[in-house]
Amino acid sequence: MALTRVKRPMLADLDLSTGKRTRLHRLLYKYGPANGTLMFLPIDQGLEHGPRDFFPNPPSKDPDFQLRLAKEGNFSGIVFQIGIAKKYMNKYAGTVPLVLKLNGKTEIPPDKAPISPCIATVEDAVRLGADAVGYTLYVGSPLQADDFEQFRKVREDADRFDMPIIVWAYPRGEAIEAKGGRDSLYAVDYAARVANELGADIVKINVPKSNPDKDASAPKPYNTLQPSPAEAVRMVVESAGRALVLFSGGEMLGEGDLIQKARIAMDGGATGLIFGRNVWQRPFDEALTLSREIHEMLKDYGA
Amino acid sequence: MALTRVKRPMLADLDLSTGKRTRLHRLLYKYGPANGTLMFLPIDQGLEHGPRDFFPNPPSKDPDFQLRLAKEGNFSGIVFQIGIAKKYMNKYAGTVPLVLKLNGKTEIPPDKAPISPCIATVEDAVRLGADAVGYTLYVGSPLQADDFEQFRKVREDADRFDMPIIVWAYPRGEAIEAKGGRDSLYAVDYAARVANELGADIVKINVPKSNPDKDASAPKPYNTLQPSPAEAVRMVVESAGRALVLFSGGEMLGEGDLIQKARIAMDGGATGLIFGRNVWQRPFDEALTLSREIHEMLKDYGA
Amino acid sequence: MALTRVKRPMLADLDLSTGKRTRLHRLLYKYGPANGTLMFLPIDQGLEHGPRDFFPNPPSKDPDFQLRLAKEGNFSGIVFQIGIAKKYMNKYAGTVPLVLKLNGKTEIPPDKAPISPCIATVEDAVRLGADAVGYTLYVGSPLQADDFEQFRKVREDADRFDMPIIVWAYPRGEAIEAKGGRDSLYAVDYAARVANELGADIVKINVPKSNPDKDASAPKPYNTLQPSPAEAVRMVVESAGRALVLFSGGEMLGEGDLIQKARIAMDGGATGLIFGRNVWQRPFDEALTLSREIHEMLKDYGA
Amino acid sequence: MALTRVKRPMLADLDLSTGKRTRLHRLLYKYGPANGTLMFLPIDQGLEHGPRDFFPNPPSKDPDFQLRLAKEGNFSGIVFQIGIAKKYMNKYAGTVPLVLKLNGKTEIPPDKAPISPCIATVEDAVRLGADAVGYTLYVGSPLQADDFEQFRKVREDADRFDMPIIVWAYPRGEAIEAKGGRDSLYAVDYAARVANELGADIVKINVPKSNPDKDASAPKPYNTLQPSPAEAVRMVVESAGRALVLFSGGEMLGEGDLIQKARIAMDGGATGLIFGRNVWQRPFDEALTLSREIHEMLKDYGA
Amino acid sequence: MALTRVKRPMLADLDLSTGKRTRLHRLLYKYGPANGTLMFLPIDQGLEHGPRDFFPNPPSKDPDFQLRLAKEGNFSGIVFQIGIAKKYMNKYAGTVPLVLKLNGKTEIPPDKAPISPCIATVEDAVRLGADAVGYTLYVGSPLQADDFEQFRKVREDADRFDMPIIVWAYPRGEAIEAKGGRDSLYAVDYAARVANELGADIVKINVPKSNPDKDASAPKPYNTLQPSPAEAVRMVVESAGRALVLFSGGEMLGEGDLIQKARIAMDGGATGLIFGRNVWQRPFDEALTLSREIHEMLKDYGA
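Residue numbers (this note's numbering), protein chains in the order written: chain A, 32 to 334; chain B, 32 to 334; chain C, 32 to 334; chain D, 32 to 334; chain E, 32 to 334.
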C-alpha cells in the first residue's frame, strides 16, 4: 500500500514564544536547507563512545573537521558539548549555528540504569549564541525519576530564556530491554510521546526496528504489530505530536541506503535529519558530496 | 440496607484562602456542570502507559481530540502534563479550564518502590492560567519519604500562589501489595486520609475492591471487613474529610455500569468524577453522548 | 523505697529567648491546666497508623471531634499535621493552641531504617499561629544521619522565629532492636539525652518497659538494671536535662491505670502529659470525664 | 634513646587571619594555662555514647557539673553540642570559653561506614560567642566523600567568620579496620595529615597503639614499624604540620598514667590536651585535683 | 620510524577569555621555564596516599620543602590542597605560582567506584591568588554521573572568574579495569578526549602502557593496537585537542629514564610536565639538580 506523505507541523501553528520562534526560524529558514527542513551534524560521539569512532576517518578527531564540513556542507547546525564549543566555535561564530548538548556520559560504566549528567547549562548556551540546546533523556531507565527531574530543571531554564530544546529520546536500561528492547516500536513510540509530554520542542529518535524474537516481550498490542519502516515512522511521528521530529542515521550505512532512509523519514512527517557518523566518518570530499545529496533530496520537502 | 445520600463539603464551609476559593469556584460553578459538582477529563496516560492506550481509538492520540471533547462535552477541566499543555491549550484558553499535572512517570521501570518525579512546577501552572495542579502521591511506597518531601515543596509553592492541589492518592509499591494490595479498603481508606493530612484540596481515589484472598493480609480490622461498594465509598469519603473527593473510572466499562458506578460515588459524598479512558477511548460522538449522560446524572447532585 | 517528688525545670530558669518564653508561657500558664503543667491532645495517628485507629470510636475520624474535646476538655494544645490544621483549626483559632507536627509517615513501608520526612515547615506553623512545632526523631535509625541533618534545618528555622520545638524522641530501627529494643531503658534514656543535646525545648518520651529477654542485649550497665517504673522515669527525666518532659500514654489503658501512670510521670519530674488514643478512642463524654480527672490530678503539680 | 623536646608551632608564625588569631590568642593566652598550651574539657559523650558514660559518676549527667569543673579547674574551654550549649552556657558566658561541636551521632547504628552529620552551624557558634568549632572527620570511612564535602562547607563558613576549626581526626570504618585498625600508626598518621590538608587549625588525635597482629595488615612501610609511644607521637605531630595538636585521653586511666601520657604528648610537640572521661568521671574534688596537676605539669611547656 | 615533532597549541590560538589568558600567560611565560612550556611540582600525595610517600625522603613531609624546591628549582607552579596552601604559601606569595587542587580523597576506602569530593572552591583559589585550579576526574567510574555534575559546577565557577582548570584525567574504577585497565591506550585516549569535551584548559594524563594480557579486553580497535610509547603519546595528545597536555612521571624512575620519558612527551606535543614523587622523593640537592636538567631539556621546546 502506497502511503501518502504526512504533513509536518509548521512553525506558525505551534503557539511558540517569540524567543523560541526566533531561534527556530533561524534554524529552519536562514541556515542549512532553509526551506523549513533541518539537517544537523552531531559530534558528541567523542564523549559518548570515545575516540574509537574517529578511527575510520582520522581527520574527524579534530572538531574543526566537522565545523568545516558543517559550513561547506551548509548544515542547519552543529551539535557540540561545552568544551568543544568553547574551544572550536569562535572562528565559525554566526556561520554555523550551534546546538549545545547539555548532558553526556562515557560508554565505560555499565548501561543498566543510565542517566546522562548535565555538564553544561542553558546559560552556557545563551552565552555562546546557541540556537538550541540538546538533552539526552533515557526513557524507561531505572533512574528515570532523576532524569525527569533533571530535565525539568533544564526545561525551566530553557523557558526562562525561550531557548528551544532538542530531546534525544533514547529508550535505555534493563527495564526496556526486558520489554522488547531499545529499538522496538513500543520503545521508540513511547519515547516520542514522552518527549512531547515533557516539553521537547524537537525530538530526535531512531527508526524503530523489527526484531521478532524480542518484539514478543513488548506490551500489547505492540507484541503483535509488524509495521513496515514507513508505517513505523508514521506512528512515532504521530506520537511526537507537535514536537518536530529528527531522525538519526545510526551506524554507518551505504550512501543510497541513507538517502532512502531519509526519504522514508521525511515522507513520514519528520522535519529533518541528524546524521553524524554516517557523514563525518567519510573523507571530507565524500562527506561533502553526501551532504549535497541530502540537500538535494530535502528540496522536495520545502514548506 | 438503603443508604442515605451523604452531604459533601461545600466551598463556603472550607475556610479557603481567596485565591483557592476563586479558582475552585470557577471549576465548580462556572465550567462543566456548574452546579457544585466536578467532571474532569484526564489525559496523562500517554506518559503513564504510553501510546498503547490510544490504540482502541486512534484519533485520541492527538490531544486536540480530548480538548474538543472537553469543550463540546462541557467538562469542568482537562488534565495535562506540561508539554501537552504548552503545545495544545492555547486555542482553548479560557474555554477549557486546565489542571496541570506536576509529576509523572512511564510504566517501563519496575513498580516496587515508585515515585513520580516533578516535571512541572506550580509557577508553570500559574503562567498557563491553570485553575489547579495535580500531584500523584504513591502512598506507602518504600520511597514515601522522598515523595512526601517532594509533595511538601509543591504544597508550599501552591500555598504561595493559593493554587488548589488535586492529589492522585494511589497506594502503590511492594509494601502495600503485602498488606492487601493497592485496591483494598485498607489501602484506599489510608490513602484518602493521607491526602487530607498532607494538605490536598481535592483527592482522586478509586473505588476500593474486595478481594477475599488478599484482604486477609490487611491489618486489623480491615482483614475482616466486607463492605458493599456503596459502604466502601462512604468510608473512604469520610477519611478524605474536608478534601473534596473525585472518583476515577479505571479501565473501560460499559456505559450503564459507568453511570451506575458514578451514582454510587456521588451518593456516597463525592464531589465529582474524573473519567479518562472510559470516555476518550470511545469514538468522538459516542464519547460526547456519554459525557452528556454523565451531565444529566450530575444534575441530581447540584448544591 | 519511697521516692521524693522531683522538681522539674521552671520556665524562668531556662535562659529562653523572648519568643520561646512567650509561647511556652502561653502553653504553660494561659491554656490547659495553666499551672505550669501541660496536657496535650495529639492527633497524628491518622497519618501514622491510618484510619484503623478510629474504628474503636468512629466519631473520632472527624478532627472536629478532637478539637471539641481539646476545647471543652481544656487541653494545653492539640497536635495536628498541616493538612488537618489548615482545614479544621480556623473555627477554634485562639481557643485551642496548636502544635504543628512538621514530619510524619505512614506505617505501610517496613520500619528497619525509619525516617520521618518533613511535610510542613516552621513558617507554616508561624502562619497558622501555632505555639510550638513537633518533630519525630528516630534515634538510632540507620538513617539517623539524614534525620539529624533534617532536624538541624528545622531547629535553625525554629531559632529564626524563636518557635519552641517538641521532639518526639523515638528509638527505632533494626539497630536499637538488636540492643534491647525501642522500649528498653537504654533506648529511652539515650533518646532523652539526644533530644537535649540536639536542641529540643520539650521532649516526648514513653515510660521505659522492662523486658528481661531483650534487656540482656542492651549495652552495659543497662543490661543488668531492673528499675521500677518510678525509678526509670526519674532516670530518663534526668537525661532530658533542661528539656521539659512529656510522657505519652501509648495504647489504650484503663482509666485508673492511666491516672496512676500519669502520677508516676509527674512525680518523676515530667512537665506534662500527651495522651491521644487513651483519650479520644473513648466516647466524647467519657473522654471529657477522663480529661477532667487528669486536670484534677495535675492540680497537685502546679508551680 | 632520649628524645629532645619538639618545638610546637607558635601563633605568630601561622599567618592567621585577624579573626582566627584573636580567637586562638584568647584560648592560648587568656584562659586555662594561659601560657600557650591548651587544656580542653569535652562533653559530647552524652550524644556519642549515651548516658551510660555518666554512671561511674552520676552528677556528671548534669552539664552544669562539667561547667563548674571547667571554671574552677580553669580549663581553656569546654566542648558542647548545640542543645547543651544553648541551655547551660548562659550562666558561664565569658567565664568558660566555648568550643561548639558541629556534628555528632549516636553509637546505636553500625559503624562500618560512619559519617557524623552536622547538627549545628558556624553561625550558631558565632551567635553563642564560641571561640572555635569542632568537627569529627571519619578519615577513611566509605562515606568519606560525603564527609569531605560536608567538612568543606563547614570550612567555608568558618573562613567567612574567621572561626578556628578543631578537627577530631578519627580513622574509622571497615576499610581502615582492614588496613591495621583505627589506632594503628598508619591510621593516625594519615588522619593527622588529612586534617592538615583539609584545613584544620587544630587537630585532635589519639596516641597510636601498637598491635602486632593488626599492624601487619597496614600498608608499607607501616607494617614493619615499631615506634615507642614517644616516637609515634613525634611522627603524627609532624604529619599534622601547622595544625596545632591536641591529644585525647581516651578511656579512664590512673592519675599517674594520665600525667605521664600527657608529658609524652607535650614533649612530642603537642599544643595541648583534651581530657574528658578521664577527668569528669571522677568525683568533683578528685577531678579538680587532677586538673590542677595537669596545670602544674603544663607550666613546663609555656611559650 | 622516526616521528616528527608535534606542534602544540599556542596560547594566542586558543580564543581564551582575558582572565584565562592572563593567568596562563603568567604560568607559561613569566615563571618556570618561561618559554611556553610548563613544569609543575604537585604535592597532593599526602592526602591521596598518606604520609607513607614521605618516608623515602623524610624532609619532604614538610610542605616547605617542596616550596623551597619550587622556588629554587624555578618551577612553573606548585600544586597544593587548600589546607596546605593556606598554611604554607604566604611566605612564597608571588614567588611560586599556586595551582589549587579542588578535590581529593584518601586511599583508604576501596577504589571500585571512585569519586573525588571537592574540599575547596574556585573562590578559595581566587582569594589565594592562584593561577589555576586542579580537578581530578575519574573517567569511567560508576560514579561518573556525580563526578561530571560536580565538575560542571566547578567549571561554571571557573568560568565566572575566568580561572584556568587543569583536569587530572584518570581512568578509574571497576568498569575500566574490565575493559583493558586504567593505563591502557583505550582508557587514556578516552580520558584525554573527555577532558577536552568537558572543558579542561589543561589536562594531566599518564603515558599509556601496553599490557598484552589486558589490552585484549579493550573495545575495538584498541584491542589490536600496539603503538610505541612515542606513538601512544601522539594519539592521546591529539585526543586532548586544544587542551594543553601535561604528562606526569608516575612512580619513581631513574634520572635518565625520566628525562627520556619527558622528551617523548614534549616531542609528542605536550606543553609540559608535572613531576612529583620523581622529584621531591630525592634529597634537596639531588632534586634541584634534576629540576635543572629538566629545565635544560625544556629549552629545546620554547615557543
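It should be emphasised that the hints constitute simulated quantities derived from the structure, not laboratory data.
Check each hint, because a few of them may be wrong.
No copy labels: a pair is met if it fits in one copy or bridges any two.
As the list claims (entries may be wrong) - Restricting the straight-line Cα-Cα distance to at most 25 Å, the calculated cross-link-like pairs of lysine to aspartate or glutamate (DMTMM-like) are:
hint, residue 1, residue 2
1, 102, 44
2, 251, 208
3, 245, 188
4, 184, 103
5, 143, 190
6, 210, 286
7, 143, 46
8, 38, 324
Just so it is clear, the structure is predicted and the values come from calculations on it, not from any experiment.
Hints and how they fare:
no.: 1; hint: 102 x 44; verdict: between (30 Å within a copy, 20 Å between copies)
no.: 2; hint: 251 x 208; verdict: both (16 Å within a copy, 24 Å between copies)
no.: 3; hint: 245 x 188; verdict: neither (39 Å within a copy, 45 Å between copies)
no.: 4; hint: 184 x 103; verdict: neither (36 Å within a copy, 35 Å between copies)
no.: 5; hint: 143 x 190; verdict: neither (31 Å within a copy, 34 Å between copies)
no.: 6; hint: 210 x 286; verdict: neither (33 Å within a copy, 33 Å between copies)
no.: 7; hint: 143 x 46; verdict: neither (38 Å within a copy, 40 Å between copies)
no.: 8; hint: 38 x 324; verdict: within (22 Å within a copy, 37 Å between copies)
Consistency with the previously given hints fails for numbers 3, 4, 5, 6, 7, ordered from lowest to highest.
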